[in-house]
Amino acid sequence: GEDVEQSLFLSVREGDSSVINCTYTDSSSTYLYWYKQEPGAGLQLLTYIFSNMDMKQDQRLTVLLNKKDKHLSLRIADTQTGDSAIYFCARGAAGNKLTFGGGTRVLVKP
Amino acid sequence: NAGVMQNPRHLVRRRGQEARLRCSPMKGHSHVYWYRQLPEEGLKFMVYLQKENIIDESGMPKERFSAEFPKEGPSILRIQQVVRGDSAAYFCASSPQTGQGANGYTFGSGTRLTVV
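Chain order of the listed sequences is C and H.
Residue numbering for the first sequence follows the working numbering, starting at 999 and increasing by one per position.
Residue numbering for the second sequence follows the working numbering, starting at 15 and increasing by one per position.
Do not rely on the hints blindly, as some may be mistaken.
[What the hints assert, rightly or not] Distance condition first, Cα-Cα at most 35 Å in a straight line; then the derived DSBU-like pairs of lysine-lysine:
(1) 85/H to 1054/C
(2) 85/H to 1034/C
(3) 85/H to 1065/C
(4) 65/H to 85/H
(5) 58/H to 1034/C
(6) 65/H to 1066/C
If you're looking for bench data, these hints aren't it; they were derived computationally from the structure.
No experiment lies behind these values; they were computed from the predicted model shown.
The shape of chain H in the complex, shown without the other chains (with noise of 0.2 Å):
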C-alpha cells in the first residue's frame, strides 16, 4: 500500500518559468491538502480539493497558483511565473472522509522547490 507519492522531489525553475507539482494520494482517500513550507518555518495549509472539487483556497496566493484534482490522475499545483519567493517544499496530504483524530492525515515527502 503505497504512501502519499509526490514528484519530483526535487524541481528547479528559472523565473518566469511553470511550475507543476504532482500528488497522488493514498489508496482509498479522496481528500488532498496541499502545504507550503518555506526555509525554517511550519507548514502553511493552502489548498483542499476532493476529487474535481475545490472545498477550501483560502491559503492560496490570488495570482500565478492554481490546483486540481480530476477525476482521473494526481492532483496538480501550478505555480506560474515562479519568483524566487516561490522556493519551498510543497506538500500534499490525504485522508478519506475525514482527517481528523486516527484517520489523521498522510503526508507525503514534498516537492522541493528552488527558483533560480
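Isolated chain C, as found in the complex (with noise of 0.2 Å):
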C-alpha cells in the first residue's frame, strides 16, 4: 500500500466540524504537514506538528497525531463553504523532502 493514506472524500454541512484523517506507516518522520488545495491553485500549508507533539490547535484547526497508531488528523471547527477544498497530509521524509497522501476531497453544503 501507499506510504501515507487518505480517505477520498468528505461531505459536512456549514458551521459542522470536519474530521480529516490520514495514516502512514513510516515513523521515522519528524515533521507532519497539512496542505490545502484549491481548484487550479498550488498548495498551501495550513499547519504542521512535530512528531514529538500529540496536538496543536490553531484558531479553527486542531491536529492530532496518535504516533503509536500513525494516525494523524485535522479538525476544522465551524467548516465555511470557503473550505470546500483537496487537504493532503504530508509527512517529512528523509533528505528534505515530502511524501504526500492522495488527498480528501472536502465538499461544505450550505
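Make the complex out of the two chains shown on their own, each in a separate frame, by following the hints.
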C-alpha cells in the first residue's frame, strides 16, 4: 500500500466540524503537515506538527497525532463554504522531501 | 516579497515535442523541489536541487526528464519527447536551508501540462 493514506471524500454541513484522517507507515518522520489545495491553485500550508507532540491548535484548526497508531487528523471547527478544497497530509521524509497522501476532497454544503 | 513563481501556468505540447517548465524560488531560498500531480492523485516527489547541484533525483523518470538550477536564473524542468502520460500538474516548491517545520516549503501555483 501507499506510505501515506487518506480517505477520498468528506461531505459536511456548513457550521459543523470536519475531521480529515490520515495514516502513514514510516515512523521516522520528524514533521507532519496539512496542506490545502483549491481548484487550479497550488498548495497552501495550513499547519504542521512535530512528531513529539500529540496535539496542536491554531484558531479553527486542531491537529491530533497518535504516533503509536501512526494516525494524524485535522479537525476544522465551524466549517465554512470557503473550506471546500482538497486537503493533503504529508510527512517530512529523509533528505528534505515530502511524501503526500492522495488527498481528501472536502465538500461543504450550505 | 513574491512567492514561488512558476511559468507558464498552462502549457500544451504535441506528442514528441519538448516541454520546459520554469520555477523561480522565493527570495532567500536556495533549495528547490519539483513534484508531479497526476489527475485525481497526490503529489509525487521528483527532484531536489540546490544551486548548480542535484541533491536527490530519486523520483525522476530515468529517461526524457531532466532538471537544473543554474547559478543565475530559474530552475528548469525539461521533458523531452513528451507523451500523453506526461500530462499532469507540475509543482515547484522552495525552502531555506532546511524545509522542515516552521520554515516549511512554499509551493508555486504549478504548471499544468497537457500533451495532445
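Quick rundown of the hints versus the structure:
The hinted pair formed by residue 85/H and residue 1054/C fails the criterion: a straight-line CA distance of about 39 Å is larger than 35 Å. A hinted pair counts as satisfied when its Cα atoms are at most 35 Å apart, and residue 85/H with residue 1034/C qualifies at roughly 32 Å. Distance check on the hinted pair: residue 85/H and residue 1065/C sit about 41 Å apart at the alpha-carbon level, beyond 35 Å; violated. Proposed proximity of residue 65/H and residue 85/H is supported: the alpha carbons are some 6 Å apart, at most 35 Å.
Annotation: proposed proximity of residue 58/H to residue 1034/C holds, straight-line Cα distance about 16 Å (limit 35 Å). Our distance criterion of 35 Å between C-alpha atoms is broken by residue 65/H and residue 1066/C, whose separation comes to about 39 Å.
Of the numbered hints listed earlier, those contradicted by the structure are 1, 3 and 6.
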